Amino acid sequence: MRTKQTAIGAALAALAVLCAMFATTASAAPAWKFEAKALEGTEVILGGALDSSLTVPGLTTKCENFLYKLTIKNEAGTGKGEVTEVPLYNCTTNSSACAVKSIVAEKLPWPSKLTTVSTTPYIIIEGVKVPILYSGEECVLGGVLVTVTGSAGGSIDNAKETATFNSTTLTATGTSLKALGQKIEWNGLFPTEAFQWHREQALSVS
Amino acid sequence: MQKHRTRVVATALLAVALAALGLAAVAQAKLTGNYTKFAQCPYTNTEVRKCVYSVTESGEVVLGNKVVPITKQVTLQGGFGEATEEKEGAEFAKFYAATNGITLSKAPQNVPGGLLGIVPDASSPFLVKALIKFFLENSLTGVNSTLELAKPASEIRVSENNLAGEIGTAMQLPVMVHLENPFLGKNCYVGSTGNPIIWKMSTGETNPPPPNTKITGSSGEIEFLEEGRILLAKNNKLVDNAWAAPTATGCGGILSFLVTPIINAQLGSTTAGHNTAILKGTLNVASALAVNKNNKENP
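Sequences listed follow chains A and P, in order. Here the working numbering is used: position 76 in the first sequence is 76, and no number is missing along the way. Here the working numbering is used: position 193 in the second sequence is 399, and no number is missing along the way.
By construction, these hints were calculated from the structure, which means they are not laboratory data. Quick caveat, the model's predicted, so the values are computed rather than measured. Be aware that one or more of the hints could be misleading.
[What the hints assert, rightly or not] Among the chain P residues that face chain A by a calculated CB cut under 8 Å, a handful are:
hint : residue
1    : GLU372
2    : GLU429
3    : PHE430
4    : GLY456
5    : ILE460
6    : LYS499
7    : ASN501
Where a beta carbon is used, it is the ideal one built from N, C-alpha and C, also for glycine.
Let the hints inform the model, and build the full structure from the sequences given.
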């Protein structure tokens, strides 16, 4: 009889541990919410980077117009999405010798997903591919196609409704962008504002 | 009259001497700072777009059964033009020789095992055995392997996009290996001007035939200097292990007919898949126009 009680106790304990594990998993996969209610169906986020730059030591490339279109949805309670358009205009470098001849986002759409790292929500964009062609007769990269590839994780600030990408957020999410065979730095601050069914509604991730 | 003519001749000679000095000064490079490495780049040639100064500091060359570590620096310098030749899905640029004629420096690398490593005493004919004994007694046992360009520098090809993108062939080099020891004579080579070894060096992954397996190069840690006018790649790694090498020729002087087959037997198969080249070092690339500008700015 005592053996049976012990077995039931152990089973309940195991169940409790399993429940706790599932709860942890659920919190690690946040969802898109509008006015604190989980998004149903899809929504489109359109916007432009407030500030964005790519840096290989000694050469920084900036784009005045770094626009993006992100389609978001929740799948089984987890926020997902796709970056469908990234038009890049008026790009320059910090070098007097190098100009940006062309820069185009390729292999779109780039899949994205939400995750949580140490209570902070993050968006991870995968499959990034941006070839940059530099020009300038005195530029050592003149005529060379430099392709940025990889994935990038940015932290989401629910209060400011922004996503921030920098070396800290990329490290936190275990993501990296590469060009010229090495990790490069990407800094960017992007507003996260709905432009379809949930205009002017507060967007949050939790 | 005579005095006046003498003075005119003297003035003319002085003018010629000054002009010659002036020309010498123009020809002499006056590069400064980070640009000094490119002193041997033909940057005044308008067809040259980029200057290269690449120093291989370590690595190895595997030729059949023989492994030769690179312990002495090898320098490749010169320039390259616009990428206009298309092959293997990439555009390649023609190379231009270093102005001092030393496009690829000759750095003799020690062959481990020395003479007995490539001409074993036990399996050699009597005459060869006797000669080897003489060389051993006179401490002439060291063998060097020197990499040389097998074709003019203009036969080298460079793909900047492949170099940057870590894919395909970044640099194609026609080379030959000079095996040096008094016993081997002056003409012991693997590869020749007529039948060179073609290295297709990559910063990416190779795809060799067996028994070799894939190896990976690297463009290294890149930094831009002089506001993007110079690229510095430290720990750059160029690899190729899919190349074939012809058999050795001309080894052993008048005993070549005896010695060369022994060396080839020692090297074993040198067909594709049995050889490897790994060149690790520092790569410097600059815009030729920027180098030329630096030269003009510093008279």
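### Query
Can ASN501 of chain P be said to touch chain A, with a Cβ gap under 8 Å?
13 Å, violated
### Query
Does ILE460 of chain P pass the interface check with chain A, least Cβ-Cβ distance below 8 Å?
51 Å, violated
### Hint check: 8 Å Cβ-Cβ cutoff, GLU429 of chain P to chain A
Hint on GLU429 of chain P: holds, closest Cβ of chain A at ~5 Å, below 8 Å.
### Message
Just to be careful: measuring from the Cβ of GLU372 of chain P to every Cβ in chain A, is the smallest value less than 8 Å?
### Response
Hint on GLU372 of chain P: holds, closest Cβ of chain A at ~5 Å, below 8 Å.
### Task
Go through the hint on LYS499 of chain P and say holds or violated, using the shortest Cβ distance to chain A against 8 Å.
7 Å, holds
### Task
Grab the minimum C-beta distance from GLY456 of chain P to chain A and call the hint holds if it beats 8 Å, violated otherwise.
Violated, about 40 Å.
### Task
Could you check if PHE430 of chain P really has its C-beta closer than 8 Å to a C-beta on chain A?
3 Å, holds
When the structure is compared with the earlier hints, violations turn up for hints 4, 5, 7 and for no others.
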